[in-house]
Amino acid sequence: MQIHSPEFKQRAGDALDNANLQRALGNLRDGFPQKRAAAVARMPEFEQLRNEGRDLKNHILANLDFYLEQFEDNVIKQGGQVHWARDGEEARRAILEICRNAGAKTVTKGKSMVSEEINLNDYLEANGVKPVETDLGEYILQLREDHPSHIIAPAIHLNLDDVSDIFHKKHNRPRSEDPAELMQEAREMLRKQFVAADVGITGANFCVAETGSTIIVTNEGNGDLTQTLPRVHVVITTIEKVVPTLEDMTLFLRLLARSATGQEFTVYNTLSSGPRRPEDQDGPEEFHVVLLDNGRSEMIGSEFQEMLRCIRCSACMNHCPVYGAIGGHAYGWVYPGPMGSVLTPKLIGVDKAGHLPNASTFCGKCESVCPVKIPLPKLMRHWREREFERHLSPKGFRFGLGTWAWFARRPGLYRWVSRSSSWFLKRLGGKQGRIRSLPLGKGWTAWRDMPAPQGSTFMDQWKRHQQTQQQKNKG
Amino acid sequence: MTSSRNQILGNIRRGLQRDLLTGDALDQVRTRLREHPANTVPARSQLPQDQQIALFESMANEAAAELIELKTLEALPGTVAEFCRENGIDQLVSASDPALTALDWSGIDNLEITHRVAQAGDSASLTTSFCGIAETGTLMLLSGPHSPTTLNFLPDTHLVLLKQSQIVGAYEEAWARLRQHSDAMPRTVNMITGPSRSADIEQKLQMGAHGPKRLIILLLRD
Amino acid sequence: MTASSTTPPTAKVGFFVTCLVDMFRPSVGFASIKLLELAGCEVEVPETQTCCGQPAYNSGDRNSTRAIAESVIDAFDGFEYVVGPSGSCIGMLHQYPDLFEPDNPYFERARSLAGRAYEITSFLTDVVGLGTLQARFEGLVTYHDSCAGLRELGVKTQPRQLLSQVDGVELAEMNEAETCCGFGGTFCIKYPDISNRMVSNKTANAQATGAAVLLGGDLGCLLNMAGKLKREGSTMEVRHVVELLANMTDQPAIGESAADLAYNAGGH
Ligand code: SF4
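Protein chains in written order, with my numbering: chain A, 1 to 475; chain B, 1 to 222; chain C, 1 to 268.
Since the hints were made in silico from the structure, they are not lab data.
Certain hints may be false.
Unchecked claim - Think about it this way: if two alpha-carbon atoms lie no more than 25 Å apart in a straight line, the pair counts; the simulated BS3-like pairs of lysine-lysine are:
1) A:Lys373 with C:Lys156
2) C:Lys190 with A:Lys442
3) A:Lys395 with A:Lys442
Model the full assembly from the supplied sequences, consistent with the hints where possible.
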């Protein structure tokens, strides 16, 4: 996926003006948060599970090398192969090689954000292998040459009309406006692809060290067809997804379904361990796991380590009022919302993604719903600190902030500034009690009035009040 | 790739400011793998067996699975045949599980029954299951010589036999049974909770995305 | 207005005014002090206080934040409690320990300050217990939960509990009362159009309740919401909750025509 994060402001503005998108985002704001709340209310232990989830992830990260090696050993024991990839380039090459060895013309794909992260589809296509997305949302996007705007509901920015249009155009069938019919149409189209594919590529929600298994969590069943029907199954995943045991995986599955869609459990939770056994009648003959790092190992021991706890549930973006206002594409890359605002600067550079950690009110809603209690606002603040240290924040802003901070440490002068500003704004407000246009505060007054101050400052009034009291007491 | 592997692991160790795990630290993580302790198990499923069955039924229903009660195993062929007749199904792909093949199917004349992997276009499949998990009304199915995984996903309707005695409370109990059942993992472990669905079009839930449109649980009293 | 206070006498409180109250709405300061005094506290307003440092903190300027934190710590030395009419600024005081290395003498002092610092409604409910209020306000009100107060300090039931003691007040909860209003300090200046969408959602939710007054506990949010409502031509009034609690609603609401406040501390 191309990087558009530097154009955040522009893209956010466009998103705010896009009526269709705004309607779609309305669906999101009404849907996910309420479903999650209902599911959490049914699980009295939920808070405890969150604490355990956080602690367990911390334990895993503290022993990540060990668990990764265990995972690798156990994949190999079952006849699978593990490919370590430092970056996207290595991962892409490894996957292409597997495809070439399999003589693959078509690969089917389950939904994988890691695949988006490494731009896998474009690469395969350029090298003569046709990738076919099978998740309904991803399939729609692929037809539209569009990209996901959400990590679990990739096509959330589209409306029914958009889907009707593109299916009509690409499927050569009468245009339908019935979601059930449209889904049936996609089902029929993709059936052929599932059966024709030589390689199936899926992501993994977790990798179990104890058994060398990977697990995918889906509602559609597309991931299962993707990994069962072709001769070769490739899992593309990242190093922080490893968990020690099946029991540990279970803890995260309980958290994941409820945090993501508000379901009690996702429809299909599927563990894959190695290739098909000799006596099996179906299943892939080869099983490959591509373990991608792409900068994650450098986060260990840094102030961003906690971000590696993320289980990609999307609760943070579902509850984020900024995401809810502008949608995922404004963030300009693969990972949107609060988790993206922390992760993206790490993966593509804070010089490109500098807006992301700034475009937050630090309202804290994301942290309050995160199933592994990642302190997202704190981590965004760390990026702002890095930007400030590296002088990446705008000059005018730095100057203003510096001046203000200088005054804030000098109470006498600060009083004087407050007094003058208060006086000035009060005058501007006139009889109305509010200001409609403020030369230095256009950002504010373009959209709302600026309430005028009541009059003199509290500190001045308090002083006068104290003096009257003293005189009264004397008199 | 070896060098990538070493570099990634090296980075991790550098970040953790240590070398390879040794001594107590190593023992501790090894013990965790060996003993695989449970985390908090929600109280909801910790019930006497009869209530666990009731919980399984209500959770499975909630997930839009359909339940048909079987009084005896012998009643299965007839029940399946009747279901298929009512739903206009005339072909059934069945798992070759002895529990199914040993039954008397001779009287069934409205169904063409085959034993093979599933293919695109199959309308219904019949399989057994490894266990049922009451906590969320979830079925666990294992791949194996007599239970190809495609049967769980390709046909439009998936019929699954589950015995009440196979119902456990929480997922952890299912893992315990799985460990008892065999030392090695099967290629595929499917946990299935209701039929396939998607809400990818306008956040409106539609049933029957890529997997089965209907999931029928034949629940045997035993 | 009178109140029957049941607390042991004279908790010594240093009042943290906050920049916005100082500049925009002194009446909130006076209302808070009135309530604190009714609760039997001895209130002082340290003269050397300025700002909590949040603008610097949230802009990534740790050095300035630390310097400002030091002066706040100095200013409020020796007070049993520090109380302010803002969850956001008090929440900031709670962050101070993070700014200092443990061997810095300010570290322990920052921890001590954090342990003594309270948002006004939670102080009046959880710490001193304000007995029965005798305030009156006729009308339907709705309440916006400001983010920092809600999520950093757990302020949710306290203002509602206090409001329930005001005669005549009826509370109608709005949808998404806990969703951010889009103020966010410098956020609303840096990303004004996003902020605008957020505050528009908020004012729509507030107005849908049919309430005449929108209340909250943080002046930043209140200025933002009042500014939006006024621009939309709404007649909905916006006030800080302490104004109702202290029976000081004779002042024009936020963004309506202002007059200097004549502080009347009599009556108790
Ligand atoms: S940061 Fe937390 S809430 Fe957001 S996707 Fe990751 S786990 Fe979920």
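With a cut-off of 25 Å on the C-alpha distance, tell me whether C:Lys190 and A:Lys442 pass. 11 Å, holds
Within 25 Å, alpha carbon to alpha carbon, are A:Lys395 and A:Lys442? At roughly 18 Å apart (the allowed maximum being 25 Å), A:Lys442 and A:Lys395 satisfy the hint.
Checking one constraint from the list: CA of A:Lys373 to CA of C:Lys156, max 25 Å. Satisfied? With a Cα-Cα distance of about 21 Å, the restraint between A:Lys373 and C:Lys156 holds, given a limit of 25 Å.
This entry satisfies every hint, going by the numbered hints stated previously.
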